[in-house]
Amino acid sequence: MSKVAMDVPAKGGFSFDLCKRNAMLAKDGVQLPPFRKTGTTIVGLIFQDGVILGADTRATEGPIVADKNCEKIHYLAPNIYCCGAGTAADTEAVTDMVSSQLNLHRYHTGRQSRVVTALTYLKKHLFSYQGHVSAALVLGGVDFTGPHLHTIYPHGSTDTLPFATMGSGSLAAMAIFESKYKEGLTREEGIQLVTEAICSGIFNDLGSGSNVDICVITKDNKEYLRNHLQPNPRTYVSPKQYSFTKKTEVLLTKITPLKEKVEVIQAGDAMEE
Amino acid sequence: MGDSQYSFSLTTFSPSGKLVQIEHALTAVGSGQTSLGIKAANGVVIATEKKLPSILVDEASVQKIQCLTPNIGVVYSGMGPDFRVLVRKSRKQAVQYHQLYKEAIPVTQLVRETAAVMQEFTQSGGVRPFGVSLLVAGFDDSGPQLFQVDPSGSYFSWKASAMGKNVSNAKTFLEKRYTDEIELEDAVHTAILTLKEGFEGQISGKNIEIGIIGEDKIFRVLTPAEIEDYLAEVE
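For the protein sequence lines, the chains are A and B, in the order given.
Heads up: the first sequence begins at 1 in UniProt numbering, then just goes up one per residue.
Heads up: the second sequence begins at 1 in UniProt numbering, then just goes up one per residue.
Treat the hints with care, as some may be off.
Stated by the list, open to error - Pulled from the structure, derived: some chain A residues nowhere near chain B, Cβ distances all over 10 Å:
{"hint": "1", "residue": "Asp96"}
{"hint": "2", "residue": "Gly156"}
{"hint": "3", "residue": "Lys254"}
{"hint": "4", "residue": "Lys259"}
As the list claims (entries may be wrong) - Label-pair distances were calculated between CB atoms; the ranges are:
{"hint": "5", "chain 1": "B", "residue 1": "Asp229", "chain 2": "A", "residue 2": "Ser100", "range": "33 to 39 Å"}
{"hint": "6", "chain 1": "B", "residue 1": "Ala60", "chain 2": "A", "residue 2": "Glu223", "range": "32 to 38 Å"}
{"hint": "7", "chain 1": "A", "residue 1": "Lys182", "chain 2": "B", "residue 2": "Pro224", "range": "47 to 53 Å"}
It should be emphasised that the hints constitute simulated quantities derived from the structure, not laboratory data.
Fair warning: this is a prediction, and the values are worked out from it, not measured in the lab.
Every residue gets a Cβ at the ideal spot worked out from N, C-alpha and C, and that includes glycine.
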């Protein structure tokens, strides 16, 4: 291999300059930073009349997109919805279970469910599984005491916030919220801000993508805007079907039976009773 | 009869082939306040007397007719506390069914499971049978249905039935007035008249309870004001 001069500019492609340094650091015990496994952007914010939740719609299996249009905003009660990040089976099972528990609770009390009740059911369950149920949730709803927004982490801790983001795209979405959130947003402004935050996650995070789902909850009403924005449509679909060329030539259509090759080993005795 | 010697233990048959404790449970039901149900062509109505022990009791806090699912309601005759326990168990069973099958529980299934619970308590140690008979009213894909469940765990489907104190008079009255094509509104009037037959004192919206389920498949308990309207129509 010829020697490359140090002042020649890189021609593109991967630069292997730091590999030697990384190998040396690894030998000294320095680890690579860990990467988060939740592929999602979910957000929530409180506006003047209630709560708005938003989510992207991509479900990933490692580097593969498993579902291009999945639903990440789950129903808990008529006035409470929950966005879920993490393992899809975990978020769905947990929200389904808590939704049933809230239903029973409504029968026993005869009252509308409260957001803190849903919060407590969820955190009790997640804590008892010591973080093995990988569900990171943004819980939002409006009840008798007003609008509420909470985040719940897989180990069972919770936060109560005016605006929140979770998932691998949370930093991209939080950047939008931190710069543009203010109290007393109107419905249109709130939806616009949530859409921007989710789009920021969709375009800047590999784990998030496809469409934007929005859910607006107010005191007497809820609106589930499924696929409110679809910024990733399939741009060109061929009008004629794909035709794959036949590569194999048919040489002969005739059936030749093969000759049986039978070996007689030994004449067996009749089976003994 | 040697029955009395066998009446202390629930899980022992008497020589005449009866479980005497269940007979006693039915007696407890028979001395409870009258309740009845009527299955109409387009819905079901259930009703009961709501006689409170004293005028000082806050009658708005007492609700004898309960909702098990959005499309199934239930009323009882007998011991109120036993009823509460059964309602709780039935609601949980309905929700568990939904969890498993993602479908609203059919009326027959819920009745069967509630009856199974009541039967359990007639064959276990250290427990007593429930002192209530239930009238379950529901409307699902098979249409309007009315079931009675007894303390023994047996259940029957009825076109119209009554339980409690005035049962024989009420049933005779219902037999005379029931037709297969009866409409829900007429059924409510018939229910009120049947309750009035054996009512001691002045009947009003505050001392009876009525629950109905129509073609909208939503069970609801009528407010005292609505009952007063029906009473006025009946007069």
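**Asked** Honestly, which of those hints from before does the structure not fit?
**Response** Hint 1 is the one this structure does not satisfy, whereas the remaining hints hold.
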